[in-house]
Amino acid sequence: MRHRHPMFHGREPEEKGTSSQNPDENSENQLNDVQDFIFLNCHGLHLYALEDSQCYSSLKICILSKNFIIDMSPLKNCTQLIKLDLHSNQIRIVPDGTFWSAMKQLKLLYLHDNSFVKLKNVCSLSACPNLIALTLYDCPVSLKKGYRHVIVNSIWSLKILDNFVVSDEEIIENWELPERFKTLSKHLFCDITPVLVKGSNYEKELFQMNYVISKINRVVAHNSPVVILQRWIRGHLTRRLWYVLLFKHMFRY
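Add 215 to the 1-based position in the sequence shown for this note's numbering, that's all there is to it.
What the hints contain is simulated information worked out from the structure, not anything from laboratory work. Hints are supplied without guarantee of correctness; some may be wrong.
Said to hold, decoys possible - Computed list of lysine-lysine pairs in DSS-like fashion (alpha-carbon distance at most 27 Å, straight line): (1) 335 - 419; (2) 430 - 413; (3) 359 - 281; (4) 419 - 291; (5) 281 - 397.
Kindly produce the complete structure, drawing on both the sequences and the hints.
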């Protein structure tokens, strides 16, 4: 990376001159250290480019927000990512489906305030199998007609787009719902804006990520007619099964 001042969370390599191991053993340990990096924070460091050699495959949380990055393709080897924050950069092109299909664990993706223009290009994100949250607001593509409808119906796993939980109305055509359940209803608002905690490390970021996901799930649980109906049916069937077992137990005696 140019202008490189990354903060890594992982095992620290040994100081030079403090090890009694031979060069081959030191080389092997250095390789293991690289493989153990799971957290990268390069927020606001004026980065212009990423290099393949410094995008470690073991990374789980990667924060590259508020830089001048134009290409995210060097991250193709970071297939263990669960959270990727690239907001406020100068990226114009979203990598193709091959890139995203390898990101099987990615759940939170922040891409707002970038330069994406083509809706068809952004739809390559549909190949990301477990993506829950996505931000694309303040990008030119978010001004396209039908932008939200296309995105939420392309990424089946998506629960929230741009701080509004996906409504059942958006994915079930011609379903008229009360105001509470309508698209962009105030009841579906959920602020998932990334908050960079002072002295951030992997544990703090993971806690923050899980908190965001739990917030999303709470909004879905209380404002999705489909989920509410499923919960009611499961409760009804559970109670019915409980009564059957209770009567069997009573008649046995």
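Verification of the hints:
The hinted pair formed by residue 335 and residue 419 fails the criterion: a straight-line CA distance of about 35 Å is larger than 27 Å. For the hint pairing residue 430 with residue 413, the CA-to-CA distance comes to about 22 Å; that is within 27 Å, so the pair holds. With a C-alpha separation of about 24 Å, the suggested pair residue 359 and residue 281 falls inside the 27 Å cut-off, and the hint holds. For the proposed pair residue 419 and residue 291, the alpha carbon gap of about 25 Å is at most 27 Å, so the pair holds.
Restraint check for residue 281 and residue 397: the C-alpha separation of about 33 Å exceeds 27 Å, so the hint is violated.
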